[in-house]
Amino acid sequence: MLRYILKRVASTVVILFLIATVTFFMMRAIPGGPFTRDRALPPAVEAALNERFNLDAPLMEQYKDYMVNLVKLDLGPSFQKPGVHVNDIIAQGFPVSGKVGGIAAIAVIVLGVPLGIWAALKKNKFPDYMVSVISTLGITIPSFVIGTFMMYVFGERLGWIPAGGLSDWRSYIGPVIAIGGFSLAFVTRLTRSSMLEVTAQDYIRTARANGLSRGRIIFKHALKNALIPVVTYIGPMVASIMTGSFVVEKIFAIPGMGKYFVESITNRDYTVIMGTTIFYAVFYVIMVLFVDIAYAVIDPRIKLEQ
Amino acid sequence: MKKILALVLALTMLAALAGCGGNGNSSSGSAPGMEGNQEKVFTYNMNVDPKTFDPGLNAAVDGSHVINNTFEGLYRDTEDGLKPAIAESHTVSEDGTVYTFTLRDGVKWSDGKPVTAGDFEFAWKRAMEPITEYGFIFAPIKNAGRVYGGEIGTDGTGEDEVGVKALDEKTLQVTLEAPCEYFLSLTAFPTLMPVRSDVVDQDGLWAKDPAKAICNGPFKLESYTMNDQAVLVKNENYWNAANVKIDKIVGKMIVEASTGLTAFRAGDLDLIDVLPREEVPQLIASGELILNPYIGTVFLTYNLTDSGNAALQDVNVRKALALAVDRESITKLVTRSGEKPATGIVPSGAFFDHNDKDFNTVSGDYGLPASGDVAKAKQLLADAGYPNGEGFPKLELFYNTSDINKSLAEAIQEMLKTNLNIEVELRNQEWATYMESLFTQNYPDMARHSWTGDYVDPQTMLEIFMTGNPLSGSGYSNPEFDKQMQIAQTTVGEEHFNALYKAQDILMADMPFLPLYYNVTPMLLSDRVEGIYASPTGKYWFGDMDLVEVTE
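Line by line, the protein sequences are chains A and B. With the first letter of the first sequence counted as 1, position 190 gets the number 189 in numbering that gives the first Met the number 0; the numbers rise by one all the way through. With the first letter of the second sequence counted as 1, position 330 gets the number 329 in numbering that gives the first Met the number 0; the numbers rise by one all the way through.
The shape of chain A in the complex, shown without the other chains (with noise of 0.2 Å):
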């Protein structure tokens, strides 16, 4: 178990180097830099910005400098925040991002997982064509028209919701919703269709003629199987939604870290650029080693060492 968990370690950190190399080359291949203004600044001034920044040294140099400050955890100074850290603006942001995400991530999982198995019990009967009609829209709406008839509706209308920003705990709901409303749509659909294929299979034929209760049977057999599938895509889809969403957190004035992954390529900001798909990136991978651990605590079959 120790040895499998520092071989990924290994890997990981070989991963993360290739992410963070293959990231570096690619944002200073795309024409304009931190400095491209609608008035052309001097080139006096446009020398003197890129000397602080050693954005005048040769890239490989550059890119040498970064990797040793990255391995030092620096993620540099920020282009178009002078002064600001990397390092802080992630420590500020991810916070917000993260509690936001981390409600809807419990939430997927609270409410996607049991209404998949409801679905999957009920097959062909007015539970699962209910569930499937939500799950279809949490699907096929994308998150920007839900947070926006949310805002709209309940909070414009209605007054429910508070406009924007994040204070009490009614504020949550309109970000929490639109942030989390896929995947816990397809969370539960993807528990219905792998519980409907489990249950379908011989051992649960066998279980059920041995006279085993219902309960048992899908809680102790049916289950266990049928969560390898939802568990691969509930690790990913933590570090996807802990880091936030530009749009989201946009319409409900969130002062998250989504923003930052988009705005950062409109600015050329560089470093934030490195660093905010960097952080993504570990966040990632340790999720993905969650999941396979988690894959052999599920699945006795399943042997980690190999």
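Think of the hints as simulated: they come from the structure by calculation, not from any bench. Some hints here could point you the wrong way.
[Stated by the list, open to error] Beyond 12 Å from chain B on every Cβ pair, some chain A residues (computed):
id	residue
1	Y62
2	I133
3	I253
[As the list claims (entries may be wrong)] Label-pair distances were calculated between CB atoms; the ranges are:
id	chain 1	residue 1	chain 2	residue 2	range
4	B	G149	A	K71	29 to 35 Å
5	A	M66	B	E479	53 to 59 Å
6	B	L425	A	F218	55 to 61 Å
7	B	D313	A	M26	37 to 43 Å
8	B	L425	A	E50	37 to 43 Å
[Said to hold, decoys possible] Sample of chain A residues with no beta-carbon within 10 Å of chain B, all distances over it, derived:
id	residue
9	V67
10	D127
11	M129
12	I138
13	G158
14	H220
C-beta: ideal position from N, C-alpha, C; glycine also.
Got chain A; can you put chain B on it based on the hints?
Structure of chain B alone, referenced to chain A:
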């Protein structure tokens, strides 16, 4: 083993989730109004987290709104025009190049120390170093342009001495390169506001830190939360504090325009100025929206360098294109946000000449009616050798990616096709890439461009067309135009404006651009706000503002 592992795993995940919940901020939702002990709180949307609140480093209008109210320069731009502020009075030498300002008695910083002429000298010299984005604004001051160009330092002597000097605690002497019509109005500009040498740092971090943000304006920074809000409170040490009626100003950083509007309708905001485009026509029709003149113009620029399309080098072709575009329809049907059809580069309602007449009105429309003139356009195109557009090359129209720019480009495409039988292809580029293409003429034919002036004098709009100025986007060059502009840059009063009128005549005869519309700044204001002033450069002044009880 398995169970323990499962438990550990579950706990870790839970802890990870819960850990993020601990320190979320509990701010926002500050109820505006006069409840409590009659505290007057004004809340507005800043739309973004401004890059900086440091007067010397700021280059954006969102930062200016804050700086214009936390700092104060020698003069102040108000509803009633330019008024002495930190300066009590000034004298100008006979040749118009030396300004001597006398500071008001008893002006203090927010920490109680006196504001001195030396603070201005320090701030100006700091802000003209070639590391700031707005140092070019000091250009009229002797040697400031050379400092910003990186030629000399601010500590030069003799010929290299920078023209700003504190003669004593209360006297500031400014030497200009040449007489300058708009210099006095510049002293009200955020970049020329004083800062304290003992608190500033290179990056301007001090200005967002309430403990360090020492200022001299009617308000001072109480708190700042990244991407959320900034709170300003009344500065009791402001020289005119007795006349400041607002106790607190909350600037929210709501990026999404429709959320801002919802918050405004819910009464959480007193002022918003970025609105969902689709709501604007209705708000204009209902009379709710206030439209202030602004010193910005949107136009198309042509590539007039050797790499450009040969057909567009013909002035008659450019005139034909300009006449074939119906600006009236563009502003009424496409942009729909109260913009005014442009017939030149200098917007109406914002610039006034020595006779106090609107510069735009005096100069007229140069035979370019707002709704165009298709017959004349066809005639001009035929004269240029392309009757009914025959043999005219296909044009490419560049724009930076956005919905409104796309609609605008499509409208122009349609008009040129219908009116002149000219094929136009559209191409868009993402903003930063686009800017580079524009300033280096890396586009074949035409590109969308907009220009916002820096100060309230028509010179700021016309200057970009001088030879070698990349901001025109076209590579346009005409020595006659340059000559008139050079006269305008070194004269004042009638002479100055006559040169500008002449320069504009030359420019419009050459038509190196295709005017589209003049921008306006919209403002949605709650009924309880009185005395707010938005200058044509788009800066708010809250110092004379009051909140009143509204009876329904």
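Hints the structure fails to honour
Hint check: 3 and 13 fail, others pass.
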